[in-house]
Structure formats: structure tokens, C-alpha cells
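Let's have the full structure, built from the sequences with the hints guiding it.
Chains as they are written, first to last, in this note's numbering: chain A, 10 to 178; chain B, 1052 to 1275.
Since the hints were made in silico from the structure, they are not lab data. All C-beta atoms in this analysis are idealised placements derived from N, C-alpha and C, irrespective of residue type, glycine included. A few of these clues could be false.
With a straight-line cut-off of 30 Å between C-alpha atoms, the simulated BS3-like cross-links for lysine-lysine are [stated by the list, open to error]:
1) B:Lys1252 with B:Lys1190
2) B:Lys1260 with A:Lys17
3) B:Lys1250 with B:Lys1205
4) B:Lys1184 with B:Lys1260
5) B:Lys1136 with B:Lys1252
6) A:Lys17 with B:Lys1252
7) B:Lys1190 with B:Lys1250
8) B:Lys1184 with B:Lys1205
9) B:Lys1250 with A:Lys17
10) B:Lys1205 with B:Lys1190
11) B:Lys1190 with A:Lys17
12) B:Lys1260 with B:Lys1250
Here are some chain B residues pointing at chain A (derived, C-beta under 8 Å) [unchecked claim]:
13) Ala1066
14) Pro1103
15) Ala1123
16) Pro1240
Beta-carbon label-pair distances, calculated as ranges [claimed, not checked]:
17) B:Gly1073 with A:Ala60: 51 to 57 Å
18) A:Ser70 with B:Ile1114: 46 to 52 Å
19) B:Arg1220 with A:Tyr162: 58 to 64 Å
20) A:Ile108 with B:Arg1220: 47 to 53 Å
21) B:Arg1077 with A:Arg88: 31 to 37 Å
22) B:Asn1056 with A:Arg140: 14 to 20 Å
23) A:Arg88 with B:Ser1119: 20 to 26 Å
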Amino acid sequence: MSAGALSKERDVREAYSAHAGELYGFAMRSLGDAGLAEEAVQETFLRAWRAGNRFDPQIGSLRTWLFAILRNVVIDLGRARAARPGVAKEGAEQSVDPIEDSLLAWQVEEAMRRIGDQHRRILVETHYRGRPYAEVATELEIPVGTVKSRVYYALKALRVALEEIGYED
Amino acid sequence: MKTDNCRERRESLGAYALEQLGDEERIALEAHLEGCPDCRAELEQLSQLVRPMSLADPARFDIAPSPSPTLAARVAAVIAAERRKERRRRVGFGFALGGAAAAVATVLVLLVLPGDEAEGPEQHVTFADLPGKLQVSAKLIPNAFGTEIHMYVKGVSSGTLCTVFMRGRNGERLSAGTFRYRWGDGSYPILSSALDLSKTKTMEIEVGKHSFFARVGGPEPDPT
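Structure, rendered in C-alpha cells:
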């Protein structure tokens, strides 16, 4: 898309089709509420529409630009929610940058959905469930050495998938 | 340094990064890493995944959340409303510049509006053979939710109730809303119809107790 990529409603529809699912996934991960997440996506496209002429594809992709807008929207909505009386702030102090952590968490979860079942399963069993290699090897009827090499290739696949969805070190 | 030993060791890097190696293997791998910059570089790449992985919730790996099917329509509606607001601002600016009579201002409106971001060709409809000094015309703009309708009415008593309908090529007749003509106000109503402009055959306006028709897409009035 060219500069001013969202200056027409048709462009917005195309951008929505291409990116709304991912934007919603991140918003949902950050805000933990489906209604707020949809509000965030809607506000993101509205802000993108208003600032459409400022989008420059030479600086970054439309997807990156939309995520940058969504990040600000999520911060604004999070602040508004925190300011409401009676809204608990549980977990709000857990991280130096909770939005950044939400983005990382969503990216890993999205990347996990993109890698193969075999890769995902080996990471879930050994890393997330903390099961011994020998136990996993018996269950999968493979040698222990194969479990180890699968972990290696699963991590490499995860890294590639993460980079595809914009992860940066 | 790439050797068979290196390849074998390399396949342990994932387990090492995730702290899953036993002591014996870990010590052996660390000895290899001392002399192998390639493996050290790869280990660094894999180790960078550990913290992000710790933030993820494995319960979310299987199901990707998706927005409700109505969100797309809501986004389109919000943007259409924004576009209308922007257009009104531009119109207001046009009036401020002119500061002249309503007739002159109306011409200015028509000069300012063309060239906006409407999708597809907009259409101008003029109602012909109207009684007395009555003048009715409309601009129809296709957009995401149907058709946006700008109504221009003159020559009736201030406060006259006007109702607009759109009729499709298949005979479907949909209301596009109501408004009251206000003399000297200078503004014009913007209505909306769910009927796509491309599927619209005629439009109808009730001005007070009288109905008038105009063909959409052609200059001739509809005799019905």
C-alpha cells in the first residue's frame, strides 16, 4: 500500500481483513476482556484513518504501524480502566512494561500456534509441564536423544515463527 | 569449528538453553562452547527465547481468539461517521469563508465537496417538474454500509417535514430518514440508506403531503 494507505474506506476494509485478527489477539491478551479488545481494535482503525496520510511504507509496514497505534490505544484504555472507581489493580505492578510483556506473550502464543504440532508438543511437555525427557520419550515411543533434538528444532522453528510476526530481540 | 561432534552438541543447545540438561551433558557442552563460536552464537539466539516463552500461557496455544463478526461493520460505521464529521467541518469552513447569502453558500458547498474520499462514483440527482419555487436535489455517495445521501431542499416553508425513501431495482423500498427544512440555516441534512447505490433505481421524497420521485443514475424524473 502507498502513502495515505487508509485514506479510503476500501483500504480500511482490506487492512481490517489482513490484520484485525492479529490486532484483536494482542488486544485481548493485553486487556483480558473481549469487549475492551474490540473497542481497542475499532479505535485503532479510527486513529489510523485519521492519520492515514502520515503512514509511510518506507518507514515500516502497515501491520507494524497498526500495532504501534494499538499499543497506544491499549495503554489509553488500560489507564482509563485503572482510573475507574472499584477496578482492582491486581498484577499491575508485576512488570516494568506490562504492555511490552503482553505483546511478547501474545507473540509467543501466536508463534506456538504456527509451528507444527510435533514441535509445539515437545515444548509443552518438556518446558511448560516440566516433564523428564525419559518420561516424554516413553510416551512418544522415541529415544531420549530424539526428544532433545526435537526441542532444539522446535526452538529454531519458534524463533522463525516469532520473527515472521514481528518479534525483535 | 564444525565437526560431527559439533552437530551432535548443537542439537543439545535447546535443552541447554531451557536448563533441561543433566550435569554431565551440561559440563561437556560448556567445554565444547568454549571452543566453538558458531554454537555460542546459536545458543545466544535460542536463549533469547527463554524470557518471552516464560510469559506465554500454554492454555492459549490451541485457540486463537477472534473478534465478533460484527466488528468489521462497526469499524466501517465509525469511519463513515468520522468522514461525515470531517465533511461538515469542511463545509463549515466554506461558509465561514463566504459569509454570504444562502444561495451563494450552497454553491460553495457543492464546490467544496467533490474530490473527497467517497468510494466509486457519486451521483447527483435532481428532482424535476416540481411545483412553485420548490427545488430538490441530492448527492448520493456509495460507502461501506450502503449509500450516504446529502439532501438539498429550497422553496418550502421552514419546518416542513421531509421523508426520503430509496427504491432498489428489485422493487425493495427502504426509508432513508426524515428531516425538517429550515430556512436560512445554511446546513443540509445527511441521511443514510442501507441500499447500495449500485442497486438503487429511484429515490422518493415526501415534502409535506406531496411525494416526488427521481430516477437514480439518469436525469429523467420517474413518472410513477
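Tested hints:
{"no.": "1", "hint": "B:Lys1252 with B:Lys1190", "result": "14 Å, holds"}
{"no.": "2", "hint": "B:Lys1260 with A:Lys17", "result": "39 Å, violated"}
{"no.": "3", "hint": "B:Lys1250 with B:Lys1205", "result": "28 Å, holds"}
{"no.": "4", "hint": "B:Lys1184 with B:Lys1260", "result": "16 Å, holds"}
{"no.": "5", "hint": "B:Lys1136 with B:Lys1252", "result": "28 Å, holds"}
{"no.": "6", "hint": "A:Lys17 with B:Lys1252", "result": "25 Å, holds"}
{"no.": "7", "hint": "B:Lys1190 with B:Lys1250", "result": "16 Å, holds"}
{"no.": "8", "hint": "B:Lys1184 with B:Lys1205", "result": "8 Å, holds"}
{"no.": "9", "hint": "B:Lys1250 with A:Lys17", "result": "21 Å, holds"}
{"no.": "10", "hint": "B:Lys1205 with B:Lys1190", "result": "15 Å, holds"}
{"no.": "11", "hint": "B:Lys1190 with A:Lys17", "result": "19 Å, holds"}
{"no.": "12", "hint": "B:Lys1260 with B:Lys1250", "result": "27 Å, holds"}
{"no.": "13", "hint": "Ala1066", "result": "5 Å, holds"}
{"no.": "14", "hint": "Pro1103", "result": "4 Å, holds"}
{"no.": "15", "hint": "Ala1123", "result": "6 Å, holds"}
{"no.": "16", "hint": "Pro1240", "result": "21 Å, violated"}
{"no.": "17", "hint": "B:Gly1073 with A:Ala60: 51 to 57 Å", "result": "55 Å, holds"}
{"no.": "18", "hint": "A:Ser70 with B:Ile1114: 46 to 52 Å", "result": "26 Å, violated"}
{"no.": "19", "hint": "B:Arg1220 with A:Tyr162: 58 to 64 Å", "result": "59 Å, holds"}
{"no.": "20", "hint": "A:Ile108 with B:Arg1220: 47 to 53 Å", "result": "50 Å, holds"}
{"no.": "21", "hint": "B:Arg1077 with A:Arg88: 31 to 37 Å", "result": "45 Å, violated"}
{"no.": "22", "hint": "B:Asn1056 with A:Arg140: 14 to 20 Å", "result": "28 Å, violated"}
{"no.": "23", "hint": "A:Arg88 with B:Ser1119: 20 to 26 Å", "result": "25 Å, holds"}
Of the hints listed earlier, those the structure fails to meet are numbers 2, 16, 18, 21, 22, in rising order.
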